[in-house]
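Listed in order, the protein sequences are those of chains A and B. What the first sequence shows, in the numbering used here, is residues 1 to 395, in sequence order. What the second sequence shows, in the numbering used here, is residues 1001 to 1186, in sequence order.
Calculated directly from the structure, the hints in this document are not laboratory data. There may be inaccurate statements among the hints.
Stated by the list, open to error - 27 Å max Cα-Cα, derived DSSO-like pairs, lysine-lysine:
| # | chain 1 | residue 1 | chain 2 | residue 2 |
| --- | --- | --- | --- | --- |
| 1 | A | 298 | B | 1082 |
| 2 | B | 1061 | A | 251 |
| 3 | A | 49 | B | 1080 |
| 4 | A | 49 | B | 1061 |
| 5 | A | 81 | B | 1061 |
| 6 | A | 81 | B | 1165 |
| 7 | B | 1061 | A | 99 |
| 8 | B | 1032 | B | 1082 |
| 9 | A | 252 | A | 49 |
| 10 | B | 1061 | B | 1165 |
| 11 | B | 1080 | A | 252 |
| 12 | B | 1032 | B | 1080 |
| 13 | A | 81 | B | 1032 |
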Amino acid sequence: MSSRKPENPDQTQPRGGLGSDSGASMKRDLNVPRSMPADLTTAGLDDPKTADEALIAWDELDAQLLQMLAEDPERGRRLRKLQDADGWLRARAAEAARKTGGPALLDCPEAEELYDFGQGPGATTLSQARQDAIDRHLATCRECEAFVETLSVPMPAGLELGMPDEEPEELPVDPAWVRPTPVIPLRRKGPRRLLVGAGLAAAAVVVALIAIQTQSAPGLAFPQQPPLRGSAGGPIFYPRGHVLAPSEELKKVFPALGGRIEWLIEPSKDATEYQFLWIRHDDSAFAKELGRGRFDSKDSSGFISQLDEGSYTLFATAIVNGLPHPMTPREFDVQTDPAIEAQLLATRGQPTIERTMTAIRLLQAAKYWTDARDLARSLPPSPERDLFLSQTPGR
Amino acid sequence: MAGLRARREESVETFLDRYRSLFFHCIGHFEKDHSAGEDLFQDIVVYVLERLDQQSFDPAKGSFGTWLYRVAWCRCVDLKRKAGARRNPKLTTVGDGIPDRADAGPGPGETAGDDEIGDMVRRGMSSLGEEERVLLQMRFVDDRTIGEISRALSISIEQTKYRLKRASTSLRRVLLNDFALEDAAR
């Protein structure tokens, strides 16, 4: 999975997140084609088409929806057949794994190993042999595969992951007279727990509503995209300008930076596929090539793994009726920038949203447009944020 | 940290305030039901504090937050596995030893029911495009890792995963269509 070593000497290892031929760039979903609506409800199952989509995505449904499908005479039968088909495929994988790697491959790995394999935050590196063994096991075991998939979901930027040297200082040290309170009383059992839970849920809804209302306050002042002329706009919108190669320190403050690079092109009418080639060069008059990589996609947006520092040209070709239609190439460079780093790190003490907004404005002003969009995507959804992300450079 | 280990009320409250979202981000992957999610949260907090008491957090290895996420995620996996095992117990008669190794007898493909399912899947796969069929074949029949498939097809690992998922979805769509045709023919 995402923990593999680089497969292609020209290209760095993708650091998780969305693949280049994945879905729309503005979603924070799993890197998989979703075949069912994200907001599917039990009422939606009355629609035969929706029910079919739910059946196709049966392994992504919550327990209640799955139960409803299973209890329906017709759909339940089809569900069981689809599950049998999945089981049959995995049994084939198990047979093959047993022959090549022995029965040990069928044993589910410890959770810690799965975490490292899926490259969760702070994961350590497994040996290549162990990675391969777990990878083979995942073909045989839907449950383990599903566990690992949860680790490919990007961590929202607002979540506190903390830095080791900050923790002891920030947690308050109480005076000695404060009586220690055991955590065990947090556990509540029986009806009281349900009542308290219901009360908490109601309070949470109220707080969430208030939060949603206050979040749309005018504080989210996103910068405007710069007006550009001619081909400086499309058809390759991003990446463009500078792309920041952040330090590890900066990535701890802004985890959304440095993990991947967004690409976005203007969709071509009737294009069935887009082919891309990036070339890294020395930016001299003769642009001596230092490396290259290819990818293709059926979508007009996606992500590529973070590239090494250097100057790049991105070529894109739309395939229309089987014929290539080259687009105007786009230049960009991946670089470290101590000055912008210092400014971004200086925001560290600010609350998360405010810090992120400041960083977006700094990055946008310094022509780190792609990075500014990465940070914007890490913010909670809002009309202002979506408007900013929907803007494309141009006249 | 000392306050947390001593279970001082204010420290515990600060800890819960700060990391509640982190825990619930993790829990959200495993539990959709709100009430069950709250129960899981309680369990994880107790478990994390126990691990903290055992000095299992090493600041040299990473941040406190990433350690917490790791512990919470692993706890969720362990609890899900336990719950799954309770729902689907392995039935053995009294006196039966639990085999150390997988059954070397007839494989699943050699039973009549599996033959029927196998035929159904094979028919479905034959209706897929070549790329999708090859991907499923490599992954599930040829015992190839994602890395091996990506190298064989000269595509990235992320693309390989994405296309495998797409192939699996296509297969289900074909099968569902076949079921509908079978039902209509009855």
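Now for the hints, and whether the structure bears them out:
no. : hint                 : verdict
1   : 298(A) with 1082(B)  : violated (41 Å)
2   : 1061(B) with 251(A)  : holds (16 Å)
3   : 49(A) with 1080(B)   : violated (31 Å)
4   : 49(A) with 1061(B)   : violated (50 Å)
5   : 81(A) with 1061(B)   : violated (47 Å)
6   : 81(A) with 1165(B)   : holds (18 Å)
7   : 1061(B) with 99(A)   : violated (38 Å)
8   : 1032(B) with 1082(B) : holds (18 Å)
9   : 252(A) with 49(A)    : violated (44 Å)
10  : 1061(B) with 1165(B) : violated (34 Å)
11  : 1080(B) with 252(A)  : violated (30 Å)
12  : 1032(B) with 1080(B) : holds (13 Å)
13  : 81(A) with 1032(B)   : holds (25 Å)
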